[in-house]
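Construct all of the structure, not just a fragment, from the sequences and the given hints.
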Amino acid sequence: MVDDLTLKGLIALQVHGVKERAGGEQIHWKNIRIQTGQAMKPSPLDKTTPVANYMINTLSPQEKAQGVTLLFNGKDLSGWRSANQQTPPAQGWKVENGVLQVLPEDKASGLRWGDLLTVKNFTSFELTFDFKLTEGANSGVKYFVTTAAGSKSGLGLENQVLDDERHPDAKKGIDGNRTLSGLYDLIAPVKPEPRHQSKIGEWNHGKNVVYADNRAEHWLNGFKVVSYIRGCEDFQKLVAGSKYARSAGFAMAESGPLLLQAHGDAVYFTNIKIREIKP
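The sequence shown begins at 190 in this note's numbering and counts up by one.
Note that these hints are calculated values from the structure, not bench results.
There's no promise every hint is true.
DSBU-like mimics (lysine-lysine), calculated; alpha carbons at most 35 angstroms apart, straight line [claimed, not checked]:
id, residue 1, residue 2
1, K230, K264
2, K341, K467
3, K388, K360
4, K341, K321
5, K236, K264
6, K467, K264
7, K296, K361
8, K283, K462
9, K321, K309
10, K309, K462
11, K432, K361
12, K197, K388
13, K283, K360
14, K413, K380
15, K283, K321
16, K388, K462
17, K467, K253
18, K264, K296
19, K283, K432
20, K380, K341
21, K264, K253
22, K432, K462
23, K253, K388
24, K467, K236
25, K413, K426
26, K219, K230
27, K426, K360
28, K283, K219
29, K361, K426
30, K264, K309
31, K360, K341
32, K283, K296
33, K388, K432
34, K283, K426
35, K462, K380
36, K361, K321
37, K321, K380
Dropping the structure here:
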């Protein structure tokens, strides 16, 4: 774990609510030892130990050793572009205080900002990102994206980013397959308990994983909520019964860019990182 919180403090042994019980419970500790100061030696960097990095838009040495890279540098839109362009959208996306925000659109004007795509294409990967919704907001994180000529948006598999309670799209689709962290219009998520889901206006942690054998997963705040195999028979049946039924070869490109969706609402992203998975 990497964070910027208190650098030093006491070590405490907890006695939890014994006074509320009548049994006179006792708790015992022994062999309490600590190593500190110059005697401490860091463990060798490796490719398997998980890292929880709470420092905004940074990579720890362990993450670097594991091949993790930043997709968002926290300063500007380097590495990102508009659909069918090699430069970012001229308006609608703002970077401030290490956070990437898609601004709300003036829907009465009909002006659309356009989605934000990575310059680079990806095949198999582990993508992590933090996101924060405003009330009633709708967005998404797409992968294996294709874009039609002249379009400002992209078509692909979508990890839905949505205020389920206030946005009407959550009630559409089939059995919740348009709700937060689901595979949009295809697979409904198995949601973690409410205590593991952040409230609107607070940060959530999302993750998309695609393996070289086409197994794919969505995660929300550390819980796997969607699992499927891209291109398998069951997947093709789901596509045939969805809004993508007429999109030939939907999401079956060998590789493609990642996409953050502009859907007219204010949504925030940060700590966007990726680790490519080799076959």
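Legend entry - Numbers of the earlier hints that this structure fails to satisfy, in rising order: 28 and 34
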